[in-house]
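Taken in order, the sequence shown gives residues 19 to 162; the numbers are from our numbering.
All the pointers check out, no bait thrown in.
In the SDA-like style, the derived pairs of lysine to any residue whose C-alpha atoms are separated by at most 25 Å in a straight line are:
#	residue 1	residue 2
1	K69	L114
2	K69	V86
3	K37	I53
Label-pair restraints from in silico Cβ distances:
#	residue 1	residue 2	range
4	R97	L48	30 to 36 Å
5	K106	G41	25 to 31 Å
6	G141	L73	43 to 49 Å
7	M38	K153	43 to 49 Å
8	T44	S140	33 to 39 Å
9	F107	H57	24 to 30 Å
10	S40	N112	30 to 36 Å
11	V159	G34	38 to 44 Å
None of these hints come from the bench; they were simulated from the model.
Cβ coordinates follow ideal geometry from the N, Cα and C atoms, glycine included.
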Amino acid sequence: MTLSYLASTPPALGIGYIKMNSGKATCLSLATLEILNKHRFRFLNMLINVKLTTLIEAALLYSIAKRVVGAFLSITLIRIRYGIGEEKFKGFVNVLRVVEERVFKAAGNKVLVLETSVNDISGETISYVITKLFKEGAIDVFII
19 MTLSYLASTP PALGIGYIKM NSGKATCLSL ATLEILNKHR FRFLNMLINV
69 KLTTLIEAAL LYSIAKRVVG AFLSITLIRI RYGIGEEKFK GFVNVLRVVE
119 ERVFKAAGNK VLVLETSVND ISGETISYVI TKLFKEGAID VFII
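Sequences are here, hints too, so could you generate the full structure?
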């Protein structure tokens, strides 16, 4: 059985300003953040003083794309669509990419690979984490 759905690369958010008694404060669009957070969409935080993804764009993106991906691995691409914004920015392009992909349901276990870099952590803590991961069903844990 094959499934077909739409995926998107992470939308970029700019920063804006809100007026407070003590002056201006920078902030991301709160309503846009709420939509992306509610649906667990990853996003890029661009440190540029302009709104890159509006509330309506975030809502439309969620209603169209059911998944946000950073890279396209082990899929069959069906269709790619781009939306190019009118505003020009120094150092990056103003593009939204939506990808229709086909994923084949694999038999067997679902495997999640988690990689992280840690420093200033005790051996006891590492031992606890390894034990906890195995108790939660990890197939293997590897520490370098």
